[in-house]
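Got chain H sorted already, so can you dock chain F onto it with the hints?
The primary structure of each chain is shown beneath.
There are 2 protein chains.
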Amino acid sequence: MIYPETINDLIECYKKFPGIGEKNAERMALYTLELGQEVIDLFVQALKKSKKNIKRCQICNNFSENDICTICANENRNKNIICVVEEPKNVYQFEKIGSYHGLYHVLDGLISPLENVNPDDINISNLLKRIETDDIKEVIIAVKPSVEGETTALYISKILEKKNVIISKIAHGVPLGADMDYVDSLTLELALEERKNITCNHE
Amino acid sequence: MIYPETINDLIECYKKFPGIGEKNAERMALYTLELGQEVIDLFVQALKKSKKNIKRCQICNNFSENDICTICANENRNKNIICVVEEPKNVYQFEKIGSYHGLYHVLDGLISPLENVNPDDINISNLLKRIETDDIKEVIIAVKPSVEGETTALYISKILEKKNVIISKIAHGVPLGADMDYVDSLTLELALEERKNITCNHE
Numbered sequence: 000m001i002y003p004e005t006i007n008d009l010i011e012c013y014k015k016f017p018g019i020g021e022k023n024a025e026r027m028a029l030y031t032l033e034l035g036q037e038v039i040d041l042f043v044q045a046l047k048k049s050k051k052n053i054k055r056c057q058i059c060n061n062f063s064e065n066d067i068c069t070i071c072a073n074e075n076r077n078k079n080i081i082c083v084v085e086e087p088k089n090v091y092q093f094e095k096i097g098s099y100h101g102l103y104h105v106l107d108g109l110i111s112p113l114e115n116v117n118p119d120d121i122n123i124s125n126l127l128k129r130i131e132t133d134d135i136k137e138v139i140i141a142v143k144p145s146v147e148g149e150t151t152a153l154y155i156s157k158i159l160e161k162k163n164v165i166i167s168k169i170a171h172g173v174p175l176g177a178d179m180d181y182v183d184s185l186t187l188e189l190a191l192e193e194r195k196n197i198t199c200n201h202e
Numbered sequence: 000m001i002y003p004e005t006i007n008d009l010i011e012c013y014k015k016f017p018g019i020g021e022k023n024a025e026r027m028a029l030y031t032l033e034l035g036q037e038v039i040d041l042f043v044q045a046l047k048k049s050k051k052n053i054k055r056c057q058i059c060n061n062f063s064e065n066d067i068c069t070i071c072a073n074e075n076r077n078k079n080i081i082c083v084v085e086e087p088k089n090v091y092q093f094e095k096i097g098s099y100h101g102l103y104h105v106l107d108g109l110i111s112p113l114e115n116v117n118p119d120d121i122n123i124s125n126l127l128k129r130i131e132t133d134d135i136k137e138v139i140i141a142v143k144p145s146v147e148g149e150t151t152a153l154y155i156s157k158i159l160e161k162k163n164v165i166i167s168k169i170a171h172g173v174p175l176g177a178d179m180d181y182v183d184s185l186t187l188e189l190a191l192e193e194r195k196n197i198t199c200n201h202e
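Line by line, the protein sequences give chains H and F.
Residue 0 is where the first sequence starts when you use numbering that gives the first Met the number 0, and the numbers rise one by one after that.
Residue 0 is where the second sequence starts when you use numbering that gives the first Met the number 0, and the numbers rise one by one after that.
Any given hint might turn out to be false.
[To be verified] To spell it out: a stretch of chain H is covered by chain F in this simulated footprint if at least three of its residues, at any positions, have a beta carbon under 8 Å from a beta carbon of chain F; those stretches are:
| hint | segment |
| --- | --- |
| 1 | 33-45 |
| 2 | 83-92 |
[As the list claims (entries may be wrong)] Derived BS3-like pairs: lysine-lysine, alpha-carbon spacing no greater than 27 Å straight-line:
| hint | chain 1 | residue 1 | chain 2 | residue 2 |
| --- | --- | --- | --- | --- |
| 3 | H | 88 | F | 14 |
| 4 | H | 22 | F | 95 |
| 5 | F | 15 | H | 22 |
| 6 | H | 168 | F | 22 |
| 7 | H | 50 | F | 50 |
| 8 | H | 47 | F | 15 |
| 9 | F | 47 | H | 50 |
Calculated directly from the structure, the hints in this document are not laboratory data.
Model, not experiment: these values are computed from the prediction.
Virtual Cβ for every residue (Gly too), placed ideally from N, Cα, C.
Only chain H is shown next, with the shape it has when bound in the complex:
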């Protein structure tokens, strides 16, 4: 062990994060020693609070410091539309766009028969309850275009079939600004299948 124990402990902690390898963890640990006392204090408090203060919203299951998250509690949001996502972090991705003003529903996973994740294992029953009790007009399914994502989307559309609600799915295709050379063939196949008619009709 070439580092003092405290530095070693910091390295071990930083290494737990995704995308932080040995070298980056070492750099971060050594940089920690240069942080001011007030940053260290804020850091320690935020870490402690992360386990204690962050719970899930009782309505949409998003991260929240209160029983109801700020989105569900916001009177200005459109309460007739729900965007269904896999994880809380997806909520923030959509919030960053700034143009979606509806509500969310966090599934906390996707149905995966291969990994033994059944519909009961994810937060689908609460979605059904929301559709039944609230005035929901549209459910947008915004999960990733994988086997699990498609299975989950199909399952949700099935159980909501008889409810008077529009089910939609976000578009998949070639991302904006992508270099065509680097788009994989599955994405291209999807983009081809879901092509849009742009004919100009001069009648």
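Just chain F now, kept in the frame of chain H:
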């Protein structure tokens, strides 16, 4: 502010680290919520200790949890040779090689007339004291090959001129495994100047 306050605080802390941008800080903050209680506890303790427990070795100025660092206190190290480095992190770089068994001396900076860093502002006087009191036979200057590095190396070799000690400097040149296409011209110039004769003499 789209994130709950606790998550926002974590993002602000992670963003302080070099190489961690907004996006990575967000990813790390969200991942923090998934860490186990024991990791959070270790993390909190290590952060608190980082300010309290890590001091500088009274001999070499390296990071240490005691008055004298483990390297200076190690009886098996070669006490006749000192490797002079800019920062504590450089010590660990040399320790990783595993083949250097001498001592170190951390300058905590390099002489830079442009940035008003004079010899008195860095830890050179203690180096002189060590040469005068301990049985030092060689001083290896291992600082980066910049104007500041060269100035510092020259200054140290000047003040040690009259002492009975060998002064050396680590070699600069093309790094191992480097693609010649990507080696910058200053490095190439240095590599050319410091070329070694490898003539086979068949006498």
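> Which hints, by number, does the structure contradict?
Replying inline: none
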